[in-house]
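Asks: Go ahead and model the full structure; you've got the sequences and the hints to work with.
Line by line, the protein sequences are chains A and B.
Numbering of the first sequence is given in the working numbering, commencing with residue 18 and proceeding in unit increments.
Numbering of the second sequence is given in the working numbering, commencing with residue 18 and proceeding in unit increments.
Incorrect hints may have been included.
[Unchecked claim] What the simulated footprint calls covered on chain B by chain A, stretch by stretch (three residues with Cβ under 8 Å from a Cβ of chain A suffice, anywhere in the stretch; the number is not a length):
{"id": "1", "region": "43-51"}
{"id": "2", "region": "107-121"}
[Unchecked claim] Here are some of the chain A residues that sit facing chain B, going by a computed Cβ distance under 8 Å:
{"id": "3", "residue": "51"}
{"id": "4", "residue": "55"}
{"id": "5", "residue": "90"}
{"id": "6", "residue": "96"}
{"id": "7", "residue": "98"}
{"id": "8", "residue": "99"}
{"id": "9", "residue": "101"}
{"id": "10", "residue": "117"}
{"id": "11", "residue": "123"}
{"id": "12", "residue": "132"}
Read the hints as simulated data drawn from the structure, not as lab findings.
Glycine included, each C-beta is placed from N, C-alpha and C at the ideal position.
Okay, here's what each chain looks like letter by letter:
2 protein chains.
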Amino acid sequence: MSIRDIAEAFAQLCKDGRHEEAGERFWAESVVSREAMEGPMAVITGRAAVKAKSDWWYANHTVHEVTTEGPFIHGDQFALRFSMDITARESGQRIRATEIGLYTVADGKVVEERFFY
Amino acid sequence: MSIRDIAEAFAQLCKDGRHEEAGERFWAESVVSREAMEGPMAVITGRAAVKAKSDWWYANHTVHEVTTEGPFIHGDQFALRFSMDITARESGQRIRATEIGLYTVADGKVVEERFFY
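Replies: Printed below as a string of structure tokens:
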């Protein structure tokens, strides 16, 4: 699959609300997930740990709506723009936010995801 | 200036339609500008050459509207999303397109800009 094929397939799964399936299908075993924050969630390494982070996130947030725009491609990277309307379950705080996910692909898999906000 | 200060100032100049001033103020002498294409415009190195590329672009396109969203920040990088409504002067083709610019900052200056589309 070309970078465009991978980016389009990943984006389509996100557009269909199947973010977890996008990860399961495309994360490399050694994938690194980077958040723009300090603390234990800042850098998560390895497919199982990244899936656990994703599971934690879904368990702790109610998702009202997420829309995905993209992909935007350059070389071996693609970007997606997410607009989210969510509620953090513990605080009850409703959050509307937009962020950019930047994905680096090698050998047909996502080896790094980096989130900007 | 922090990365957030630089990103906010750069984004504000773009939002005000002052893209060239953003470059003049923040491009490092050694800035590298990368487009997601083949050919001579793919990688342009150095402030003077990047300015010449920018000047070429403005001379060859009529800008009806550009809107800038962001900044989205991660570490020493920030992203902006541009929605453009332009006409290519030579062909007369009107183009509405959205792209992501990813900027890498070092010592208070943009050392790389990379465009995704």
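Asks: Hint by hint, say whether it matches the structure.
Replies: Verification of the hints:
no., hint, result
1, 43-51, "violated (count 1)"
2, 107-121, "holds (count 4)"
3, 51, "7 Å, holds"
4, 55, "11 Å, violated"
5, 90, "6 Å, holds"
6, 96, "5 Å, holds"
7, 98, "6 Å, holds"
8, 99, "10 Å, violated"
9, 101, "13 Å, violated"
10, 117, "4 Å, holds"
11, 123, "17 Å, violated"
12, 132, "7 Å, holds"
Violated hints, in rising order: 1, 4, 8, 9, 11; the structure is consistent with all others.
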